[in-house]
Amino acid sequence: QKEVEQDPGPLSVPEGAIVSLNCTYSNSAFQYFMWYRQYSRKGPELLMYTYSSGNKEDGRFTAQVDKSSKYISLFIRDSQPSDSATYLCEFDLGGTSYGKLTFGQGTILTVHP
Amino acid sequence: KAGVTQTPRYLIKTRGQQVTLSCSPISGHRSVSWYQQTPGQGLQFLFEYFSETQRNKGNFPGRFSGRQFSNSRSEMNVSTLELGDSALYLCASSPPGRDDTEAFFGQGTRLTVV
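Those protein sequences? They're chains A and B, same order as listed. First residue of the first sequence? That's 4 in my numbering, and the numbers climb one at a time after it. First residue of the second sequence? That's 317 in my numbering, and the numbers climb one at a time after it.
Check before you lean on any hint, since a few could be wrong.
PhoX-like mimics (lysine-lysine), calculated; alpha carbons at most 25 Å apart, straight line [claimed, not checked]: (1) A:Lys5 / B:Lys373; (2) A:Lys45 / B:Lys329; (3) A:Lys103 / B:Lys373; (4) A:Lys70 / A:Lys5.
Since the hints were made in silico from the structure, they are not lab data.
Whole structure, please, built from the sequences with the hints as guidance.
Structure representation (structure tokens):
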């Protein structure tokens, strides 16, 4: 079993749609849960960060973590063409893991006008 | 504040050659990590350096090595290149004094081995 499984996509949605991106994980030692966005020919950039179960909202983005079920989600409301990118979930053990981040495979999202 | 800078952006090498990639972290960041990104395997952790010391490494063969200088700049080296080493190599730096790793990525070096 892979340590992290991310819904593979790709996803294609119309502008204004609500997008749901999901990852499951098996390592209960993960302490920090992040979502990165990667545009074509660019490096990933941090989008959302959380360390506890529950929801965290930032503008049109909501990150959800359910530690008991071992899954995390990212919701995008009122999606825009500029949201078209690859979205990566990322898991961090914290402490002395020193940079050893575990990423999902990524979901390619296309928002068409 | 300038972001993470990686050079070169693109590189084409022949099998058997070696290559050195460079990364300049964000000013004040002392932790630098390297990752390999491929369509099949996704983003995989190579190693992490802090104050010129390797603190952690991933599951890559010894052909992959790195170092960090006193100004926190880092280089990674791949010797005896194989076709499978073709990938986007990403460097990330992290701010000090945190338990988690909020990674700020560069744009990457696209390595093609022919």
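Taking the hints in turn, this is what the structure says about them:
1. A:Lys5 / B:Lys373: 19 Å, holds
2. A:Lys45 / B:Lys329: 21 Å, holds
3. A:Lys103 / B:Lys373: Cα-Cα ~8 Å, so holds.
4. A:Lys70 / A:Lys5: 17 Å, holds
When each numbered hint is compared with the structure, no violation occurs for any of them.
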